[in-house]
Structures are given as structure tokens and as C-alpha cells.
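Student: Please model the entire structure based on the sequences and the hints provided.
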Amino acid sequence: MTPMIQVQNLTKRYAGVTAISDVSFEVSKGEVVGFLGPNGAGKSTTMRILTGYLPATSGTAKIAGFDVFGQSLEARRKLGYLPENTPLYPDMRVCEYLRYRADLKGVHRSKLTERVGDVLELCNLVQVERKLIGALSKGYRQRVGLADALVSDPDLLILDEPTIGLDPNQIRQVRELIRNLAQKRTVLISTHILPEVEIMCSRVVIIHKGKIRASDSAENLLRNHRAAGSIRLLIGSGSEDARPFLSQIPGIREVASETEGDTQILQLRIEAGADPREPILELIRERRWALRELTQRRATLEDVFVELTHSDS
Amino acid sequence: MRTLHTLLERELKSYFHSPIAYVVGFFFLLATGFNFQSGLMNLNHSGSEVTLVEASFNSIQFWFPFLLIFPLITMRAYSDEFRTGTIETLTTAPVEDWQVVLAKFLGSFLFYCTLWMPSALYFLAFELLTGKQAALAAGAYGGTYLLLMLLGMFYCSIGCLASALSNEQINAAVMTFVSIFAAFLGGLFTLIFDVTNPALRDLISHVSAIEHMMDFSRGLMDTRPVVWYLSMTALVLFLNLQVFQYRKWKA
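Taken in sequence, the protein lines are chains C and U. When we follow the numbering used here, the leftmost residue of the first sequence carries the number 1, and every step to the right adds one. When we follow the numbering used here, the leftmost residue of the second sequence carries the number 1001, and every step to the right adds one.
Just so you know, not all the hints are guaranteed correct.
[As the list claims (entries may be wrong)] One-sided and incomplete, this derived list gives chain U residues near chain C with beta-carbon spacing under 8 Å: (1) Met1001; (2) Thr1006; (3) Arg1010; (4) Ser1014; (5) His1017; (6) Gly1085; (7) Glu1088; (8) Thr1092; (9) Thr1130; (10) Gln1133; (11) His1206; (12) Trp1249.
[Unchecked claim] Here's a subset of chain C near chain U, in silico, CB distances under 10 Å, partners left out: (13) Asp91; (14) Asp103; (15) Lys105; (16) Leu283.
[To be verified] Quick list of in silico lysine to aspartate or glutamate cross-link-like pairs, EDC-like style, CA-CA up to 20 Å: (17) U:Lys1013 / C:Glu96; (18) U:Lys1250 / U:Glu1096; (19) C:Lys138 / C:Asp91; (20) C:Lys184 / C:Asp153; (21) U:Lys1250 / C:Glu84; (22) U:Lys1013 / C:Asp91.
Note that these hints are calculated values from the structure, not bench results. For glycine and all other residues, C-beta sits at the position ideal for the given N, C-alpha and C.
Tutor: Put into C-alpha cells, the structure is as follows:
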């Protein structure tokens, strides 16, 4: 089966600056892929090439088998795109704008009213359909942008930071909406809200400084990564200094400690795949320390993200 | 065809949604009305041999407001799209770049045409009220309005090109005005200076808007200016397409 998105050795250089270099990835039909990276990593550039807005310097990109440059119109017919910052015409009314966009995207004339009605309802815009876009709040504008991306009922949705600049309630609404949309479609979404990605996306692609750093399911990334997790250990401060004993245990990479009142607080960083909880308990029993708390903290996608994109290497 | 129609409809709507259109329309009506009235006054007082149409369209009162409206009509064609980023939603829809360029041009041109509509009423009213002819023959009307359309096409295309070059409306407006004014002044050259070289003289009169107007308003229609304005419009629109793609791809 042809993958929905196929990117091969994509490179884009602007006047002397390499925005993305040798980027390759694939997205199969029905996948929801989170596209992550710090600001300026090349997310928007990649998305803009995929949507036919920018030409690549070298490499190829295909949407549903159509080359985005050579068969640009066919490729563009397959996708709905929400650009960063949701540019819209402020002088148009919501329903008028969506009708215009549907018409432009080739929705059949007899189905225009029906499609526009559908997306108005889907994106919760019915109560503002007669309002001027310029008079809408940021949350509504974002939803108008999403409705626009959806109006031609495309197979693929490319959403560039759909939740940026929204308040927590609006983020929640947009997230719910995207989750509903993802049931029937292929979605490529870039965002900075990592817990969202962990919930919504079947796969994560992390890009940093124009290069792909990781491409895997969130689970696998967490399992395989160095930042696999940490253990928080609280023992009574009457006991001896625990650090030298703990660092002897295999699987523990690093031990940090501080004392608060009569409690020693220890943060243990664990190597990938290791689970030293039982040897630690063993040690506590042996040394007769007063155990107050032992918690394993699972690594989050945020840890992986920071680890992969923090260093300049 | 459908895409072009949709784009054009949106362009025209955007003209009539903006207050600038009505301000331009109001002042244009004022200027053409004033121009008509001063043409009438001139004929009344000087007893010259020209017709009202000739008197109205061959005066400084006509040319000055005429050249001034193009920057106002075309300045926001592309500038706004680039500045607000809507160019990205527009060009990632399944539309071809040439369709965008053509729709923007036709939008500005059709808006320009609507500005001229009321002026026909002046001459109609004059003929009905005085029972006299305002032009030598029907051909003089036809020639005048044909030339107005041709000049409109050429100057609108220049305005669209300038707008595609800049994110700021004001820059686009200044560029448009300077280019149109320069093209217009070039045609005045033989009237101001004594040009002795016959080849240069010929060349200038071939491209002189003011000389074209003198002929066309008398009903002397020549195909050379028609070809000149149509081909220049096509050339500028071609440049416009190149600039548009360059700007878009550089973004």
C-alpha cells in the first residue's frame, strides 16, 4: 500500500542556512503522527514542503503517491492544512469563508452547503457562522482554520501547532476535536504539548536542527531511551549517608541527595531497562535505614524530548 | 475555469468589503464630475472646435486623478496576503499560481471598470438635456472607453506587480504611482521638449498615452496602441507571476 506521506532525503536551504537536511520518514494511512522539535528545528519548513508551499532544495516528498512538486495539484487535493498562526481573511464571515474554501478545493457544487454545515457543526462554529472572522476570539479562529482544513474531507490532515496561543480550555476543546478527526484520517501534527502527543499519536517523529533524531512509538521511545526513569527515595536522616551504598547497585547511574529536616531525599537516575527497586529495598533492610518513601517515576516524552534536543551535538 | 471564477469572486468581494473602495469610488466620482463640468465651462467660454468628450478626456483635470486611482486600487492585492500569511492558505489549496495572478489582475481591472460606469451618465444627461452631441460620433465614445479599458489593464497590471513586490501597501502604492507616472511622462516628452530625431519622435508617440487619447477621443481608432497595451499587460502579468512564485518560494 502506498504510504500517505513519503519523505526521502529532503533538504531545504534558505540563503546560506540549512533549515532541514536529509530528512526521511514515512506515514502510513490511518496513522496519527506527532511531529516534535524545538522552535526553528524545521517542523514548519517540512510541513510547508509537504503542502506544496515551498519547494525543496533536494530530495522528494510524496502525498498519497503524488510528488508534491511534480504533481502538486493532485497532492494538494489530498490534504487539509492548518498553517501556523492560522491566517484567515478578517473581512469574510465564517460561513462565507468556508464556502469559498470548499469551492476552491473543488467540493462539488451540490454538496457545498452540506459540507460547510457539517464542518460548522463538527468544529462547534454554528453559533458564530454569521460573524466576521476579524471579530472572533483566537479559539474560534483556530477552529475556523481547522474547519477549513476539513471542509474538503481530505484523507490527510497536516496541522502546524493547532493549539498554540490558546488557553487551557480551548486547548482541551481543540484536542478533543483532533482526536475525533483522527479516527478516520491520517494526521501529521506538530505541537509543543507533549502529554497530548503521548495520548493522541501512534508515532512520534522528533526533529532537531533540521535532522530527524527519532521516529518511533512513544512507548518504544520511552523504553529505549537513556532517560528511562528515576527513583525518588526518602529515608530518615538519622541513618548514615546513603549515597556510596546506592551507587554500588548495578543499574543506578547517578545519585543526588539533599537533607530536609530529618529526611534524606535521594534522586536516583536509572539506566535504560534496569529496575533496581528490589536491590535497593534489600540494601535498606540490610543497613536498617528508616524508609519513608520509594517511588519510581516513569520517564515522560518530555524527558526524551529534552534529552534529544537539549544538547548542541 | 471554476477555480478562476471562485478566486475572482473572492477578489471582487474583498474590494467591496473594504472601506477604501468606497472612498476611492467617492473621490473618483467627484473628480470625474469636476472634470466634466470644467470641460463644459471651457467650451462655453472659449468657443473652441473640440467636442465635449475631447475636452473632458484631454485635460490635466482628467489625467491627474486618473493616474492616482491605480495605486489605491491595486496596493492591497498581494501585500495583504503576504503580510497576514493568507498567501499560505491560498496557495496550498489546489490552485495554480497563474490562476491567482490572473484573478488578482481581473479583480482590480473589473473594479476599475465599475468606477467608470457612472461617467457614461454625464454624457447621456448632456445629450438629453441639450439635444446636442457630446462626441463626433458613436465611435468617439467607443474609442474613448476602449482606450480607458486598455490603459486600465496596463496600469492595473503594473499595480499588481508592485503589490506582489512588497508586504507594505504604502510601498506598493508609491511604486505603482512612480512607475505609471514615469510611463505617462515619457509620452509627454515630445510635447515638452523639441525632439528632432524622427525615429525617437515616432517611438515616443507610439507609446504616449496622451497622444493615444487625443486620437481615440476623436474616434480615430488605431490598432497599434491596442496591440501595445494588450502585449504590455501580458508582459507585466508574466513578470508578476515570476515575482509571485519567487516571493512565495523564498518565504
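Student: Hint by hint, where does the structure go against what was stated? Just the numbers, ascending.
Tutor: Numbers 1, 9, 10, 11, 16 - these are the hints that the structure violates, sorted from lowest upward.
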